[in-house]
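Asks: My request is simple: use the sequences and hints to build the entire structure.
Protein chains: 2
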Amino acid sequence: MDSPETADAQERHRERAQRKKALVDRRIARATIDRGVVVVNTGNGKGKSSSGFGMLARSLGHGFHCGVVQFIKGRSTTGEDLFFRTLGDAFADRLRYHVMGEGFTWETQDRDRDIASAQAAWAVAAGMLADEACDFVLLDELNIALVKGYIALEQVLEALAARPPRQHVVITGRGAPAALVEAADTVSEMRVVKHAFKAGIKAQKGIEL
Amino acid sequence: MDSPETADAQERHRERAQRKKALVDRRIARATIDRGVVVVNTGNGKGKSSSGFGMLARSLGHGFHCGVVQFIKGRSTTGEDLFFRTLGDAFADRLRYHVMGEGFTWETQDRDRDIASAQAAWAVAAGMLADEACDFVLLDELNIALVKGYIALEQVLEALAARPPRQHVVITGRGAPAALVEAADTVSEMRVVKHAFKAGIKAQKGIEL
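Sequence order for the protein chains is G and U. At position 101 of the first sequence (counting the first as 1) the number is 101 in full-length UniProt numbering, and the numbers step up by one without a gap. At position 181 of the second sequence (counting the first as 1) the number is 181 in full-length UniProt numbering, and the numbers step up by one without a gap.
Treat the hints with care, as some may be off.
Identical chains blur together in the list; that is why a pair holds if it fits in one copy or across any two.
Claimed, not checked - Derived DSSO-like pairs (lysine-lysine); straight-line CA-CA distance at most 27 Å: (1) LYS20 x LYS202; (2) LYS194 x LYS20; (3) LYS20 x LYS148; (4) LYS148 x LYS198.
FYI, nobody ran anything at the bench for these hints, they're computed from the structure.
Replies: Laid out in structure tokens, this is it:
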């Protein structure tokens with residue numbers, strides 16, 4: 001990086017960059033379909049929910065009307081709660097935010113109550129997915145409720161298929177069912193390379209909380 | 001899910017949930033170290049930057065002072081720009097936001113100018129990493145500048161090692177160097193399962209932009 005570069009090296013760099021630009025331009029020109037997408041973030045690694053909240057911020061930045069349903073509630077008030085619900089006065093008219101009533105399922109230890117909570121949260125989500133005025137819907141940790149069988153996958157697939165054509169939906173959580181991956185447009189698997197928790201570091205505000 | 005459950009099934013569920021809760025409680029009890037962490041989001045899949053912006057929202061939610069440096073600037077104004085820079089009056093005193101001057105490197109086609117831009121952005125980042133008052137630093141797409149050799153990896157590793165002990169740092173971008181992965185606390189690889197772009201769908205506001 002620090003070595004002096006010859007005019008030749010500069011020229012080679014310019015040519016490579018031009019070819020790359022042409023390639024990217026061609027790819028962009030080929031992507032002509034313009035519609036709402038379904039994004040699924042799954043896998044065991046960190047970043048599934050935080051990526052969903054990052055896309056929520058992007059969507060609010062573009063002036064979209066947004067809905068959020070959190071299907072799992074943690075032990076403590078999270079930063080995204082504090083940020084989007086408390087600081088969010090500036091965009092309160094454009095953001096509906098619903099947090100499922102109960103804690104993690106291994107905290108309630110009551111399967112019937114878990115199912116009732118999950119289905120109540122799904123009813124709110126289904127309302128957003130059917131709403132023409134809703135541009136972006138984040139269904140945080142929905143996959144957990146699907147894997148546990150608390151919400152029927154068919155209901156979710158039907159609601160996604162019937163939603164307004166320009167509406168974006170982001171679904172997060174481990175273990176996304178194969179049929180949901182099939183139905184989605186963009187799917188990322190967040191893979192754990194390493195995690196601070198395994199090295200004895202507590203969950204950190206701003207990072208996990 | 002819809003079949004009637006016997007009292008036995010309920011009891012088995014409750015026992016499983018109790019064991020799971022005990023396991024999670026033990027793991028949480030073991031994670032006693034409380035300090036700033038370095039998080040790296042890498043891989044080719046979607047979600048690296050959006051996860052970083054989600055953690056920024058969490059951090060702002062907790063009242064943290066935050067810094068952002070974007071090492072690559074796209075073709076258009078992004079939702080995160082609009083959201084955090086324009087709507088962010090409520091927390092302007094707690095957020096420093098720096099966007100590198102030039103576009104994608106294959107758009108400028110001028111290696112010397114790219115290096116100068118990257119190094120100027122790094123100087124801003126280094127100032128944040130040295131700042132005791134800065135609780136959270138997002139270095140978006142820094143990995144790209146490292147892979148291209150526009151910024152020396154040693155500089156970055158030294159600045160991370162010397163930062164305030166409670167400061168969190170999130171670094172995003174494809175191709176995270178091995179020594180950076182080694183230095184980080186939490187590393188996720190975002191793997192592409194599928195991407196809408198490959199199916200001919202344009203980059204969407206609120207999702208990619």
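Asks: With reference to the structure, classify each hint as holding or not holding.
Replies: Going through the hints against the structure:
1. Only between protomers do LYS20 and LYS202 lie at most 27 Å apart by alpha-carbon distance; the minimum there is 19 Å, versus 43 Å within a single protomer.
2. Taking the closest pair of Cα atoms, LYS194 and LYS20 come within 27 Å of each other only across two copies (22 Å); inside a single copy the shortest separation is 33 Å, beyond that limit.
3. In this homomeric assembly, LYS20 and LYS148 come within 27 Å of each other (Cα to Cα) only across copies, at 14 Å, whereas the closest approach inside a single copy is 45 Å.
4. In this assembly of identical chains, LYS148 and LYS198 lie within 27 Å of each other by CA distance solely inside one copy; the values are 25 Å within and 32 Å between copies.
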